[in-house]
Amino acid sequence: GTLGTLYYYDSVRVNLGLFQNDVNVLWDLAVHDLSIMDYLVGAMPTMVAATGMAHVPGKPENMAYLTCYFAHNLIAHFHVNWMAPVKIRQTLIGGSEKMIVYDDIEMSEKVKVYDKGIDVKNGPESRYKLLVSYRSGDMYAPQLDGTEALKNVVQHFGDCIRTSATPLTDGLCGLRVVSVLEAATRSMKEHGRLEHVKAGEGVMKQVRVEFSKAGSTSLAATA
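Just so it is clear: in the sequence shown, position 33 is 34 by our numbering, and no numbers are missing.
Some clues are possibly wrong.
Straight-line Cα separation of at most 20 Å, PhoX-like style, residue types lysine-lysine; simulated pairs [stated by the list, open to error]:
1. K152 - K111
2. K117 - K99
3. K122 - K99
4. K113 - K99
Pair ranges (Cβ atoms, derived) [unchecked claim]:
5. L17 - S165: 37 to 47 Å
6. G159 - P58: 44 to 54 Å
7. C161 - H192: 34 to 44 Å
8. S36 - T3: 30 to 40 Å
9. H197 - T148: 16 to 26 Å
10. Y135 - P58: 46 to 56 Å
11. P58 - R136: 19 to 29 Å
12. V42 - C161: 16 to 26 Å
13. S134 - S165: 46 to 56 Å
What the hints contain is simulated information worked out from the structure, not anything from laboratory work.
By construction, the Cβ of each residue, glycine as well, lies at the ideal position given by its N, Cα and C atoms.
Produce the entire structure from the sequences given, and follow the hints as far as they go.
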């Protein structure tokens, strides 16, 4: 796309509270950014590594760092925290052609696109010598639809019901995000050990098959 080849995806979501009893900070905060990344990147990480810490006795981890490794040298990093003095909702996406800064706290220019990056070329002296040049261009902030996000979600859900279309956030999307969170939880328990992400596609396909069978049986019984 416009960004070129994706190099990195860097996200920060921190605030003060609220401490949860049933889930750690990854499942409470990082789940949102993982869902956004799933939509934008369109690919699942192959491995993850996560570290975290619980500072309140009897409570789950209140701060965590999650790194996701993709094929083709794409790396993603997530910082989530319930003990930050300020509220930050910021994402940086770096590509070979352009870069994006998304700040959800910003009132007017939430998305900024920068025509900045690096160019790597072979040097004249040796085929193995690389020259790195820096490109600094303009920044522009595209005009965004100011409609409330929840309103768009409800409208899209209604459209899917009426047209039988597949939702953007269907069961497979949820399964992919949960698969990453489960791998991250395993990694965090082992102090950052690399964990493979189990896609779970086969499980979801089997669920669809069983659901289809159950629906056919139900229709036959009522016919």
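Broken hints, by number: Hints 8, 9, 11 not satisfied by this model.
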